[in-house]
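With these hints in hand, go ahead and build the complete structure from the sequences.
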Amino acid sequence: GAVVSQHPSRVICKSGTSVKIECRSLDFQATTMFWYRQFPKQSLMLMATSNEGSKATYEQGVEKDKFLINHASLTLSTLTVTSAHPEDSSFYICCGTDQETQYFGPGTRLLVL
Amino acid sequence: TQLLEQSPQFLSIQEGENLTVYCNSSSVFSSLQWYRQEPGEGPVLLVTVVTGGEVKKLKRLTFQFGDARKDSSLHITAAQPGDTGLYLCGDYGGATNKLIFGTGTLLAVQP
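Order-wise, the sequence lines are chains A and B.
Quick note: the first sequence uses the numbering used here, first residue 1, plus one each step.
Quick note: the second sequence uses the numbering used here, first residue 1, plus one each step.
Heads up, some of the hints might be wrong.
As the list claims (entries may be wrong) - Computed, partial: chain B to chain A, Cβ under 8 angstroms: (1) Ile13; (2) Gly42; (3) Leu46; (4) Val50; (5) Asn97; (6) Thr103; (7) Gly104.
Stated by the list, open to error - Derived pair list, reagent style EDC-like, types lysine to aspartate or glutamate, alpha-carbon separation capped at 16 angstroms: (8) Lys66/A - Glu87/A; (9) Lys41/A - Asp71/B; (10) Lys70/B - Glu5/B; (11) Lys20/A - Glu100/A; (12) Lys64/A - Glu100/A; (13) Lys41/A - Glu54/B; (14) Lys70/B - Glu54/B; (15) Lys98/B - Asp98/A; (16) Lys55/A - Asp65/A; (17) Lys98/B - Asp65/A; (18) Lys20/A - Glu59/A; (19) Lys14/A - Asp88/A; (20) Lys98/B - Asp88/A; (21) Lys66/A - Asp88/A; (22) Lys59/B - Asp83/B; (23) Lys14/A - Asp65/A; (24) Lys98/B - Glu59/A; (25) Lys56/B - Glu38/B.
Stated by the list, open to error - Partial pick of chain B residues on the chain A-facing surface, computed with a CB cut under 10 angstroms: (26) Tyr35; (27) Gln37; (28) Val47; (29) Val49; (30) Thr62; (31) Gly66.
Worth flagging that the hints you see were computed from the coordinates, not collected in a lab.
Ideal Cβ positions, reconstructed from N, Cα and C, are used throughout, including at glycine.
Printed below as a string of structure tokens:
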């Protein structure tokens, strides 16, 4: 089946630094990429939806200048958490879709000290 | 904004028991999906249902979709420790072309 990879799987950073998370679709073209954030024992909260080659659409309450999303190709999307703070510590998951099926990445655990 | 409410929020049962998880939407589903997620991993799709009144079975799991396409249930028969995880209902597509999730049900099956 189709596979989505995320890198890094875990990252620890200092407060105020920026962190980039990569999401790659390995054997399909992800025309749309969803980015989610998940806190412990809670559901996935949609942060933004991005279509290849266009600007991401952010959900209400998600700061677009803080969470920069780039979807420059059909196989790569990135999420950059800028000026990270401890409250940004979370599990970030991407999901690529070819409009028929959705494929989730394994997630990235971010800890901001 | 569509809201997907799941109940119960937490469920702890003994191996061999049956259970039912519910999902209610504030608006009609475009394409209802059920997922299971284990800690530290991405969700895994269990089933997709689109037709109101539809019932689908996946081994010990039975999924029902309400006639009005605004509610769904997931029934697990003879639960096993391997069923432990976070169960999520989701809605994909429609005018918004998004995949959003319900509030989740955290299931623990004790051996």
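Report the numbers of all earlier hints that the structure fails to satisfy, in ascending order. Hints 1, 3, 4, 9, 11, 12, 13, 17, 18, 20, 23, 25, 28, 29, 30 and 31 are the ones this structure does not satisfy, whereas the remaining hints hold.
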